[in-house]
Amino acid sequence: MALLLLAACSTTPSPDSTPQAMSMPASIGSIAPREQTADEQVAHVLSRLTFGARPGDVARIRAMGVDAFIAQQLHPERISDARLDAWLSQFETLDLSFNELQKLYPRPADALQRLNPANRNSLSPKDSAELRKTAEGFRKVTTEVMAARIGRALLTERQLDEVMTDFWLNHFSVFSGKAVPMRYTLAEYENETIRPRALGKFRDLLGAVAKSPAMLFYLDNWQSAADSGRPRTQQPRLANQRNRGLNENYGRELLELHTLGVDGGYSQQDVINVARALTGWTFLPQAPTPQQIQQLAGGAGAGRAGRLNGRAQQRAGQALAARIPEPGVFYFNPAVHDAGEKTVLGTTLRAGRGIEDGEQVLDIVARHPATARHIAFKLARRFVSDEPPEDLVERAAEVFTRTDGDIREVLRSIITSPEFFSSKSFRAKLKTPFEVVVSALRALDAAPDPSQRTAQFVTQLGQPIYGRQTPDGWPDVAGEWMGAGAILNRINFGLAVGANRLPGARATAFPGAEPLRTASRDAQVDGVIAVFLGGRVSPETREILLTGRNPLQSGNATDGEREIPPLQGLAQLVGLAIGSPEFQRR
Amino acid sequence: MSSRRTFIRSGALALVTMGLSPSFLRRAVYGLELPKAAKGKVLICLFQRGAADALNVLVPHGDAEYYRLRPNIGIARPARAAGSAGAIDLDGFFGLHPALSPLKPLWDRGMLAPIHAVGSPSATRSHFDAQDYMESGTPDNKGTRDGWLNRYLATCGTCEAGAATTPRGQVEGDATKATPFRAVSMTAQTPRILQGPAPAVAMTSIDAFTVRSAGGVSDRLEALYRTGSADLVHATGAETFDAVKRLREANPQRYAPANGAEYPRSEFGQRLKQIAQLVKSDVGMEIAFADVGGWDTHINQGAATGQLANRLTDFGASIAALVTDLGDKMDDVVILTMSEFGRMARQNGNGGTDHGHAGSMFVIGGNVQGNRVHGRWPGLAREQLYEGRDLALTTDFRTVFHEVATSHLGARDARALFPGFEATSSLGVLR
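Protein sequences appear in the order of chains Z and B.
Read in this note's numbering, the first sequence has 165 at position 165, and its numbers run on one by one without any break.
Read in this note's numbering, the second sequence has 756 at position 170, and its numbers run on one by one without any break.
Just so you know, the hints here were simulated from the structure itself, not pulled from any lab data.
Watch out, some of these pointers could steer you wrong.
[Claimed, not checked] Residues of chain B clear of chain Z, computed beta-carbon distances all greater than 12 Å: (1) Tyr652; (2) Pro691; (3) Pro707; (4) Phe795; (5) Asp868; (6) Ala895; (7) Asn953; (8) Ser993; (9) Asp999; (10) Arg1001; (11) Phe1007; (12) Leu1016; (13) Arg1017.
[Claimed, not checked] Coverage of chain B stretches by chain Z, computed from C-beta distances (three or more under 8 Å per stretch; other residues unrestricted): (14) 708-720; (15) 724-731; (16) 787-793; (17) 815-827; (18) 873-880.
For each residue, glycine too, the CB sits at the ideal point set by N, CA and C.
Based on the sequences and whatever the hints tell you, model everything.
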């Protein structure tokens, strides 16, 4: 029984494909055997390497060839993206630094305190208006990041680069709701830390993330300090620098989630020592107060500085203020760095060092064999199937090790593999909510939406952008995304699209829709299947779209007898297609 | 876990497609026609997000230090005359904030068990971290991926007897208990406390849990998900349409609360009303969750009236209406309120309070050890305060959660609920 069940569990029938034995040598490259038909390969690369096919994409890739398309997408720097760049130029906040954002778009509570220091019960109309403006500006910081994220996925010609950006933003997940400073870090994190390195070297990406205010803040490393009694690289002057202790949060997730993986063979002592090595990797979420600056300048306890007279102290304070790091910029603080000797994964880091402790730890973990496997597995899961074939993961991990973590090459080995082009992997993945929304926008050739409304659809579907609380990122297996509520949301999203409620998208204005509007119902159904469902569905699905009748339930008295009202038009058919089970897959 | 879920669902549909009586099997597998959790126990968790000011919710009017620390925002001692601005006395030492007067009758009937100086042993004063710990049930451990209520669902409890009624040899394990409404969160997103491998449904209202289209469109959608494909999407879709129908049957167009209960028109009040509806509807709900914000009162929190009083008016009236509405059902229901931490014992310079440490909880039900304030009072003198500023902790919140999960819901594997926590003593809030 169990065997029968398991056999019946395998999904996605692909009637056209020729079954081939998979015992052929696993040679890498375009000469490897591919189970998928030529048409399936086109649909497959569009569904996996992009956020969904736009009208015309199938013909374009058929013409240029699947392999040429892969080769092109692996080099985003050679692809022009003028339309996207033009669209992005309307945003005000995306290029601003943390410090600028914090100054220009403060949180409303701070503005309120400034406008109403005496806590009066009412504000003047002028102050109220200013407060409203502050609140709007504050919202804009996150709104623009989210709108741009969707707009990019919709518009960019560098689709694979964007898919990989999405992958790494999820691998190195951060949560915008952690606290106010978090939201000022997001634009920089996405656009300067992650995206430029999405196809680069893993060590480089890991290092950039480790120094990003986003990750430093999200996983608390910015306030991690040597435990009291430990030797430090430099003596601390601020009381709060002396009293804080070690925070293991980032150290733990660095090993468990970002590199080695949960079964990567590290110990609790490794976690502690990684965290110790990274003490002092920090940034200022706020400019220091004048008192703190003074303390830094003159408050070194019994030392010489403690005896400075007032003016000297002021001068020292000014000199120091000039040296104080800009808020929102990484710096190494030797005063909180644990300078004791530590052993990490078998390597001894000698005592008395500073920032190089952390750099060496990143070297060690980035080049660890467990990391190669962990990253290879996650990439294979993203691009091939929820439970990717072991052989494939092993080969990709070998490429990772051989190329010193060259992400482009690891990816190439996966997306040109026979496993990638196997019948089993065809339509085997479930779209995430983000992918559902963006693939609908792309199929409809929608205009990008600069407001927060489209992002709200993604939220309603259960995947708020930068809204994953826990550091493990959103799940990448179908089972985690399926539930009664989730299906309902996806169905209702399709219906919302059919009712023209998705900003920038008209359900009946996709290229090729014009002649369909007046065509026969048969032609409409086939047209919608071509645009939204990858050109092919089961005969039952087609029959249901056409007549509403489920041929499998024709013998069923209750459903069979009842009259199914006809659809009112093409828009409803589009809504149905987007709400259908087939549209949920890629 | 997730792959097991996948297997269970796909496996079930595989049986269907193999020609074995579909309706019978679907029933058996999804438990849709099963009675709800065997003992019919329900836990309703209400989260006050933002750190409610426990010292002004459950007022220690018998502690003189309280008035020294809070000269302007303190709640006055109970006055003999009714309708005064003072605390509502409970036991001569503690009193309720006057805005919580709707809860006083529950106290009088022995249905309200307040707990003081309870909370997380973690020193964090971050809302995010503290909520995370309270919901994961693992203070100071950020590595926990699932919420403790989900761990309860996954390891099960009271529904053992229900599982035994299904035919043996078909599908074993959790699937038999999987009424889709076993855990319902009246929120837009599944909250952290319910996240994890066991299914939980989040909805902002019962009405919203439906296909937003009628006639030919809805029929076609249902048919599309019932084409018999043995994959997860189709299986879950079929389950979803069953669930929608079931909820529609259980949800009369015009729901009239019983016993003259009047819910506030607030979002929180309306969500509690729908929780009552679900409790009465026999959809098999065992866990309900709702949250309410607005407790982060750094500035101008007021005293007997004002900001905090307004929040408490809604909070108290909503809960009182829920209890009234559920009537005798309250014998099988426990309402548990929580907030991530308390607030500083001393008022701040803005007529408000900053982030503190221990807080308070209410446990409400027909079977609680009511009419008694639980927990040990640590005192408010300077040397008694946590870090010299906050109410100290004398009861770990896991002690309370553990007692509710075991005594009320009948959880058996309680150690899996709170890894690393040994429940050495019980507070005795439940009878």
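Results of checking the hints against the structure:
Once the 12 Å rule is applied to beta carbons, B:Tyr652 is consistent with being away from chain Z; the minimum gap is 22 Å. Look at B:Pro691: its CB is around 33 Å from the nearest CB on chain Z, clear of 12 Å, so calling it non-interface holds up. The Cβ of B:Pro707 lies farther than 12 Å from every Cβ of chain Z, with a closest approach of about 16 Å, so its non-interface assignment holds. For B:Phe795, the shortest C-beta to C-beta distance to chain Z comes to about 7 Å, within the 12 Å cut-off, and the non-interface label is violated.
The claim that B:Asp868 is not at the interface with chain Z holds, since no C-beta of that chain comes within 12 Å of its own (minimum 17 Å). Interface exclusion of B:Ala895 from chain Z stands, the closest Cβ pair being 14 Å apart, more than 12 Å. The claim that B:Asn953 is not at the interface with chain Z holds, since no C-beta of that chain comes within 12 Å of its own (minimum 31 Å). Once the 12 Å rule is applied to beta carbons, B:Ser993 is consistent with being away from chain Z; the minimum gap is 29 Å.
Distance check on B:Asp999: its Cβ is at least 22 Å (rounded) from any Cβ of chain Z, clearing the 12 Å threshold; non-interface status holds. No beta-carbon of chain Z is positioned within 12 Å of the beta-carbon of B:Arg1001; the least distance is around 20 Å. Here B:Phe1007 stays apart from chain Z, with its beta-carbon at least about 18 Å from theirs, past the 12 Å limit. Every CB of chain Z lies more than 12 Å from the CB of B:Leu1016, the least distance being 30 Å, so the non-interface label holds.
The Cβ of B:Arg1017 lies farther than 12 Å from every Cβ of chain Z, with a closest approach of about 35 Å, so its non-interface assignment holds. Only residues whose beta carbon comes within less than 8 Å of a beta carbon in chain Z count, and the stretch 708-720 of chain B has 4; three or more means the coverage holds. Check result for the stretch 724-731 of chain B against chain Z: holds, 3 residues qualifying (beta carbon to beta carbon below 8 Å, three or more required). Under a criterion of three residues with beta carbons nearer than 8 Å to beta carbons of chain Z, the stated coverage of the stretch 787-793 of chain B is upheld, 3 such residues being counted.
A count of 10 residues in the stretch 815-827 of chain B with a Cβ less than 8 Å from any Cβ of chain Z is obtained; the coverage claim is therefore met, three being the minimum. Note: the stretch 873-880 of chain B has 0 residues with beta-carbon separation from chain Z under 8 Å; the three-residue rule is not met and the coverage is violated.
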